[in-house]
Amino acid sequence: MAFCDLRPVRVGDDKAGTTYIIGEVFAVYTFGSQFPAIYSWDMLKSVSVTRKDMTFSFVGAKKNFSISNKVFNSAEDVLRAIAIIEHRQKIYGFEYQHERRIFPLKSMYYEVSPGKDSYVGEGVLDEADTAAALIVLLDFKLMKFLWLMALLVMLVMFGILNYVLGMTRDNILYIILISLVTGGIFALLIYIITHAVARARVKSFSGADLAAKETITFVISRAGFAACESCVYQNHDLVPWDAADYFVESDKMFIIFKGKTPLAYIPKKAFPKKQIGGVADIIALSLEQR
Amino acid sequence: MSVEIKSETIDVKGQSVILVSVRGGENAIGTFSIGSNSRDGVLGTETRLLYIGTDPIINMTCSSGASKKSDKLMSFSPGFHGYDQKVFDVLTSAFLSLNRGDSLTAGLKGIFSLLQDGVYAVYTSDYYPTDGNGTFFWGAYNTNHEVHGTAEHNRITMSGNVYKPCFLIPTQSMGYFTARALASTEEFVKKRRIHGIVYHVSGFHSALLKGHHGAVACTKENIPYKCAVIEKISDPYTEKIAPVQMVENQEEENGENQSAPVPPTPVPVEREGITGFRSPSIKIPIEAFPKDMLNIIVNGLSEYKPPHFEVITAKLDSVRKKAVTNNIFSNEVLEKAEQMPDAGMVESAYAISSLSDEELNRLLAGDVEFNGKVIISPNFYSSIVTACNFLQFTDMKRFIDFSIAIMDNPDLSATHEYVAQRVLSQEKNTKLYNFFKSAAASGDAKYEKILPAANTFLKRYEADNRR
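These protein sequences, in sequence, are chains A and B. For reference, each letter of the first sequence is one residue, going 1 to 290 in this note's numbering. For reference, each letter of the second sequence is one residue, going 1 to 467 in this note's numbering.
Hints were generated in silico from the structure; no laboratory data involved. Please note that a few of the clues may not be correct.
[Stated by the list, open to error] Keeping only pairs whose Cα atoms sit at most 25 Å apart, straight-line, the calculated SDA-like set for lysine to any residue is:
| hint | chain 1 | residue 1 | chain 2 | residue 2 |
| --- | --- | --- | --- | --- |
| 1 | B | K291 | A | G32 |
| 2 | A | K52 | A | G115 |
| 3 | A | K45 | B | K164 |
| 4 | B | K13 | A | A37 |
| 5 | B | K6 | B | G160 |
| 6 | B | K69 | A | S107 |
| 7 | A | K45 | B | K13 |
| 8 | A | K90 | B | G44 |
| 9 | B | K13 | B | E448 |
| 10 | A | K15 | B | N295 |
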């Protein structure tokens with residue numbers, strides 16, 4: 001099983017006098033009690049992971065266990081705990097609630113060797129690059145719509161000016177010029193607004209996912225791909241290509257999609273320049289390009 | 001980091017259990033997952049490897065992911081080239097130590113240092129030197145095939161029953177077998193108290209670390225194959241009944257009474273979560289664990305990838321040396337292996353917890369019910385089969401008596417042949433000899449179906465006594 005070798009995470013909540021261990025089992029050591037309460041993962045009803053905490057609800061437990069991310073020793077520990085939860089979720093199928101993620105869930109991975117013909121890169125996901133990639137996507141979708149809107153605004157403005165001022169041989173050039181400029185300004189406004197929305201979107205999901213600020217290992221191989229926090233990645237876990245539908249390539253990154261949702265952002269700068277062609281080849285061989 | 005090995009004997013429901021904890025182990029013997037193999041062709045398959053030192057020994061492939069309810073496809077790993085000399089020396093020294101009379105914990109200390117971190121139960125138990133499907137274990141794994149009884153939780157044991165693994169997986173290839181070694185071992189096995197050292201791997205199957213020639217000799221000589229067993233305790237289990245809390249004796253806590261431990265006093269407690277951790281053969285409540293051992297389980301993993309796992313997996317692509325051998329076992333050994341209980345029989349023996357004499361008498365009378373309740377199964381033939389399995393496993397004397405009573409009853413002739421074949425393995429039993437001798441001599445038609453088995457039995461018994 002993918003991610004089966006992750007070491008358990010020990011979390012001490014000094015205020016509550018409780019120590020949690022998230023690993024092969026979920027153990028709760030309460031100050032003053034002789035033995036820990038230990039829960040197996042098949043007893044887990046649901047777990048919710050947010051940017052602030054994680055809450056476990058076990059069958060037969062008198063209360064839910066909520067662990068603030070602040071009490072973890074490091075961000076790496078939080079990410080390891082999340083990886084353990086997602087690995088177990090694949091096996092036991094408990095309810096799992098989480099915020100928007102920019103990389104595939106660990107439950108999508110299979111333990112399989114990437115093989116010799118694979119490309120491995122590493123890097124932090126750049127917010128500006130991601131926004132730029134999204135904008136490229138957006139531009140692609142918006143372009144026809146923008147032209148149409150600009151044309152419509154031009155015609156409307158032309159009609160209004162004609163109705164208000166009346167068209168004469170002296171002002172026809174001005175009316176055409178004003179109509180063209182109005183259409184242009186309108187299209188520019190829409191363009192600026194959509195770009196701002198794209199940037200805000202990237203910012204919001206970057207904030208929601210701890211992995212956005214972590215070093216990520218990217219693996220591209222014929223067996224599958226990986227985009228996983230380096231502190232958690234074990235070099236033999238891949239998401240099979242059939243988990244994705246298509247990919248889009250911008251000048252700075254590949255974005256792999258499942259339906260309309262981006263599954264993984266793979267920046268080109270994570271790989272050495274001479275490998276980019278090979279990476280693109282494998283992705284293009286495995287997925288449809290749009 | 002040096003290896004830290006601690007052993008402790010605890011009391012679980014009146015049963016004494018030896019626990020050994022290993023911290024900082026050398027990771028030279030164990031199992032680990034290599035996930036899906038490109039050769040499998042399907043991403044959903046999961047392969048685990050039994051390794052010793054830097055050698056992959058056995059491939060265990062589960063075609064339904066990592067399901068613990070499925071039997072595994074097993075075969076000798078193509079990358080196996082033979083033990084590291086260091087491991088071989090440690091195993092040999094442990095084996096000699098045990099047969100010199102050392103305790104299990106003292107004798108196996110060297111082997112514990114080679115294991116992965118964790119808590120292990122140690123005990124002795126008789127093993128059948130077969131693959132659990134009637135084939136002598138050594139050589140049974142040369143081709144990849146599904147081995148019945150290798151599922152961690154099968155239809156019997158998934159109900160939470162404990163069971164004793166009793167089938168073997170070799171860790172030496174057939175090329176290692178020599179007739180000369182066998183001849184000398186045949187003399188030794190009569191005096192040995194421990195014939196093999198095994199490490200539990202999956203379901204009813206354990207890997208034989210030491211004692212391959214002894215297994216051949218014991219089968220030939222009809223000597224029970226007694227093994228020192230090492231089982232990892234890591235599976236959580238939950239029981240609905242409230243467990244008991246073991247309250248340690250006050251004097252013992254103060255260290256004043258260490259030589260004579262007083263059994264802990266059971267106090268019922270209400271608890272949330274799991275009841276404890278288990279291995280196949282033992283369930284240990286959380287309260288019964290020494291604290292440091294419980295910490296090792298909770299803070300550890302059930303399986304670790306050894307640091308040198310890439311060296312091991314790289315060998316999977318190579319071709320096994322001595323993959324072809326001219327060594328063969330005698331027909332006597334192979335036939336005896338075929339008559340030993342198989343995995344299906346052992347499973348059904350664990351399906352019932354007890355059989356009273358009254359219930360057996362009802363079965364002998366041809367009834368399947370006692371006091372208005374079905375004794376084993378509404379099917380009579382199935383009831384006889386299961387009763388034989390259960391008795392053979394739990395009480396050999398009652399098994400022999402029950403078998404003779406069946407074979408002596410002409411109304412149960414439908415089961416005669418089956419029962420006669422089942423008792424063939426007990427070829428040193430005088431009671432059976434006398435019964436078969438009188439049956440063969442009587443010429444009575446009611447013994448018609450047992451005559452072939454009776455003649456084989458008599459031949460073997462007499463040949464055995466002539467030696």
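What hints, given by number in increasing order, does this structure fail?
Of the numbered hints given earlier, those the structure breaks are 2, 3, 5, 7 and 9, listed in rising order.
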